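Visitor: The residues making up each chain are set out below.
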Amino acid sequence: MNIETFKYDNRIVRAFAIMTVVWGIVGMLVGLLAAVELFFPGANLNLQFITFGRIRPLHTNAVIFAFVGNGMFMGIYYSLQRLCKARMFSDFLSWFNFWGWQLIIVSAAITLPMGFTTSKEYAELEWPIKIAIAVVWVAFVVNLFGTIVKRREKHMYVAIWFFISTAVTITVLHVTNSMTMPAGFLKSYSMYAGVQDALVQWWYGHNAVAFFLTTPYLGLMYYFLPKAANRPVFSYRLSIVHFWSLVFLYIWAGPHHLLYSALPDWAQSLGMVFSLMLIAPSWGGMLNGLLTLRGAWDKVRQDPVLKFMVAAVTAYGMATLEGPLMSIKTVNSLSHYTDWTIAHAHGGALGWNGFLTFSMLYYLFPRLYKTNLWSTKLANYHFWIGMLGMIFWIVPIYVAGITEGLMWKQFNHEGFLQYPNFLETIVQVVPMFKLRSIGGTLYFIGVLMMAYNLYRTAKVGEFEPDTEAQAPALEKAAVAPHGKLSFHRLLEGKPMFFTVLAILAILVGGMVEIIPMFLIKQNVPTIASVKPYTPLEVMGRDIYIREGCLGCHSQMIRPFRSETERYGEYSKAGESVYEHPFLWGSERKGPDLAREGGKYSAAWHYTHMENPRNTSPGSIMPAYPWMLTQDLDTNSLPMHLAALRRVGVPYAEGFENGPAQRDLQAQAEKVVADLKKDQITCDASKEIVAVIAYLQRLGIDIKSAPVAAK
Amino acid sequence: MEEKIICSMDGVAIYGIISICIFVAFFSGMLLWAFTKKAGYLNQMASLPLDGGETPSNDQSNAE
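Here the protein sequences line up with chains A and B, keeping their order.
Heads up: the first sequence runs through residues 1 to 710, numbered per our numbering.
Heads up: the second sequence runs through residues 1001 to 1064, numbered per our numbering.
Chain B with its partners taken away, still in its complex shape (with noise of 0.2 Å):
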């Protein structure tokens, strides 16, 4: 019955072929993006929430 279906819709395979080109491209850009960010950038990004702004005197992030 799928089969019927899918056969019955006019240039059904633009739809297999969109998907997979999207998925790659998305892939291939976004791996090629995080695997060029510089270390100096990435340690700067991690470290951010370390550093709140807080006033040292209302500064708690290592009161336990």
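Just chain A, same shape as in the assembly (with noise of 0.2 Å):
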């Protein structure tokens, strides 16, 4: 037998960990600043660049593709090599994979406070970013394909179908997602409108939670949860249906994103369905995890690593039995738009994200710096202060959203709302907020401490740049006995015939959905009075994406009579056939606004938006006073509105040359004279005219004509 010896690259290792580390402090630290903005507004110090619509996208983003995303690659590239018996494909690449990936957090850090974003949620970033993203997932993909084609390993351990169906299936998401039209250098509208978008977005947006944050970490779990406990998984046949199910059933349940939503009835119950059905092979993998542990429950109680695991594995449970259930349009008719969203979503970060990453790092530093931990001690109060920041930080959310869910629900027994200003509602559960921050800050503390034992640790030992290894060739060991078939031909073939067989399973759900969709983009009931909007408003809107304002106002009314008596007729799909991209939002720390329109004056949002304090006291939304002194970009008009035209937005052709101009001047200068009439003098040049302009024209056109379907 051909024994080979050859090394393990742990600086590409290291290097992933060290950013996990950085990143995740700088995610977290985001993450608390808008959580003290949500309770005290002024936070902001009235800065453009750090308030909460900025901030917000900089903190899922910063956790979930900075964090997360380098705790995955930190695991995948120590776990693959290993499993596969062979160091990584190629060096370069592994390389241009962390430098890449760290140009493009620093690039999001920046672009998104500047109010860079497409308003696509977890996908934020402008084109040029977009692009690069693919680039670097590409070399990423080639580096781990290449590592299994190149292995000394015959079989491919479960742990790496998981990171094939990661690396595939955020290529498949990335690309779909990403179609914009740019309209400069960092501005682009999305290609698709309304319902469509939404779709296609939200089909991204759940498939990003499960093939970002779900699938890579699985592979880790069932690579790390063994070595960590020193025995095999609790069954490997399970591992296959649970591996198997869940990339089937996972990309069918987008839809339950938008139930209640304009979105054809038909889409959301198959969203519901698959999503209940989610359960199965969740649980399964779950208590695959747990029982690995079985007769070893003893290593739990001495070994924080394995503390670290036990606790996310059980988070994940807990996160797959909440997401289904929050998936029967019943519980989310209560649920959406509520906090109890955002605390769902923590649930999975903090818990299962989190947890399992600190595990791995406190698993992986004293193995590559050769040593003991430096404090087991600290890891273990790292352990509790994260529990117990966890419950400060979920339990308070959990009551906020169900108090926000009844109360915008509560008639009283003359049939009004109980609580019609919707303000008293959020003043309600803003001490929750004040008592998340105290979570949010414990298992931050936690985070400090992990990172100083780590640094203490690896100031203690010498690391290893590279591990020698040895096993024997695969090519000797596969050929078969009679010389007459190399096996390893066919083994080489393998990956990629599972590859495509994991593409099909991914596939199935997106077509099923998607294609319809587009089928019935000729059969959506067109509305005759919906028009596009003026060049003024097309401005306005761009102002209400760069400050994120769809981060807490919804434009999407739900067929409930207590929202209809609220903000008025529900939404239809025909209102947003000009919307590049869809704005419906997700989460309502404001009110909605879909019928904005001529609910207050002018003036009203002048001095609203000056400080929303002087209009509605007690109030947390942030003041935008820059909004105020800020003059409108109209150079960049034509370039938009010619985007918009190439999407699909009905602009005759040369209309953003001259025509516009004037349109807009004309329609700044009738705001202007609105405001006069409350005493309230503006230049027709700021951009507070056109984000007046927009807002009044929320949800008008099916105000101004009879609905007329086609």
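I should point out that these hints are in silico values taken from the structure, not numbers from a laboratory.
On a predicted model such as this, the values are computed, not experimentally measured, just so you know.
Here are some chain A residues pointing at chain B (derived, C-beta under 10 Å): (1) 5; (2) 8; (3) 158; (4) 222; (5) 224; (6) 231; (7) 234; (8) 244; (9) 470; (10) 505.
Ideal Cβ placement from N, Cα and C applies to all residues, glycine included.
Given two chains presented individually in distinct reference frames, assemble the corresponding complex, making use of the accompanying hints.
Guide: Below is the structure:
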């Protein structure tokens, strides 16, 4: 037998590990700031760059793609080499992956606070960065497959299956959802509009959770849990069933983010049914993880690595039971738009991803530095302060979410809304927001404790850049005894065959949902009175996107009496046909704005934007004084209108060169005259004028003429 | 409204039938495959992560 000696690359693992800790600290700190701004709106110090609407996406992107992303690469680069008994395919690609990813994160950290965003959740980064993500991701995929092909272990362990499904699915999701029309260097409009954009976005958004936050981490669980417990996984058979049912079912569940919206009912029901079915594989996976520790629970008491893992896997189980329950339409009618969703997301993020990442870091640092963990006691303290932090974070926000949901729906004996003013419902939960920030602080302190512990571990030990390993070469071992067939060739083909099967499994769900949606495009009831936005309104809408208003304000009134009483006629699919991108939102920290037009005067909006407390005492909305002083960037208007025409908004050819500017000026003068009536003097060139024009347009089209369905 | 849309699609019934066929075929095939695997193979697969191939002097897998 030809035994080969080779070296595992630890440098790349260490690099990703360090950045996991760094970005974890950054991402959570930004989260903490966002949490404080929710009960103390002045915490942004009136700086536009750190307003809630801009840092919320920064927080989600930093935690998901920077913290968990680096954690995922760290775990994969460590485990893949050992499972394949081979060094990574290409050191160059490994480092390209590393530096490329960090560069993308830095560019996100710069552009998001500056207001460059597509507004699509978890896909906010503008088109040049999206292209960079695709390039770096492809480098990772090539490196992954290259390593698998040159492996010395003939079988592919189930963790590698999870890595492959992550690699291919994220590619498909990212490309499909990133179809945008550039309108300048850092501005673009989604190719899809309204209902279609919503479906594609949540097909992406949901599966980003599935294939970025879940499948790679499940693969890592299947590797690191048996390693840390030093025993094989409870049932390998169950892991096979877990894998295939999970990847097959997950992709269908996206529409559960759009229940009771203008998305066709059949798609909503499909999303709900598949979400419910997801309980089975998710719990199969959780039980498989926990049962691996049968007979070894004494180790869990001693070892912080296992402690974190058990808590992480349990949190996975809780989140994957709760998610399907929230997908039941009746439950969703209460939970949607409330903080319940936020609590659910953080159960997964803090518990599953956070704790599993910490366990991997505690596992890896002593091994990379060939020493023992500097302080097991400190790691145990981290575990308990993290748990406490999680409880203080999640429990108040559940209470907040359910309180909001119930208050929004409450009618009095006379049949009127009990709390007609939205503000009453938010003021009620502000104490919960304060408690949440205490929980977040505790969790954050735990992370700092871990960073210090890992730093001291590294100081004590000596880093081993390469780990020497030995294994028989696969060629010799794989040749069939009769010598007629090189078994290796078949094996080499297997990952590709496997990949094709995995792609088919995920594409089926996506296609069955999305293709009819495109067919329905011709059947979606269009509304004759719904017209494209005017140039000034387009500019106002761009500012609405820039400021991240949809982080707190939905534009989708659900067909419930409690909503139509509060906001007006429920939203129709036909009203969104020119919405590139759709701005339905997913969260209400303020009222829905779908029928905002005409509710208040221009002066009210002006005063409200200057300081929301002036019109609405107790409001938690940030002030936007810069809208009153900053000039509209009318130079970019032609490019924006041309891009919108290219994606299907019917602006006449040449409209952007002249007529649009005149139209804009005329409408701006009207808004200024309107303000003048209330003794407010404002220059027509200011941003606030466009924002007022946009807000006053929202939802009025179907009021202006009878609804005409084709 | 949704009913009208669905009914106006040509041959819409085929989507439901295709979906259920794919679904049943997929899960039967997968379960059949998983449950016909031999115990020896499964044990060998399950123990894969425990042998990282590190030469003994480098093997830290049991270090705590």
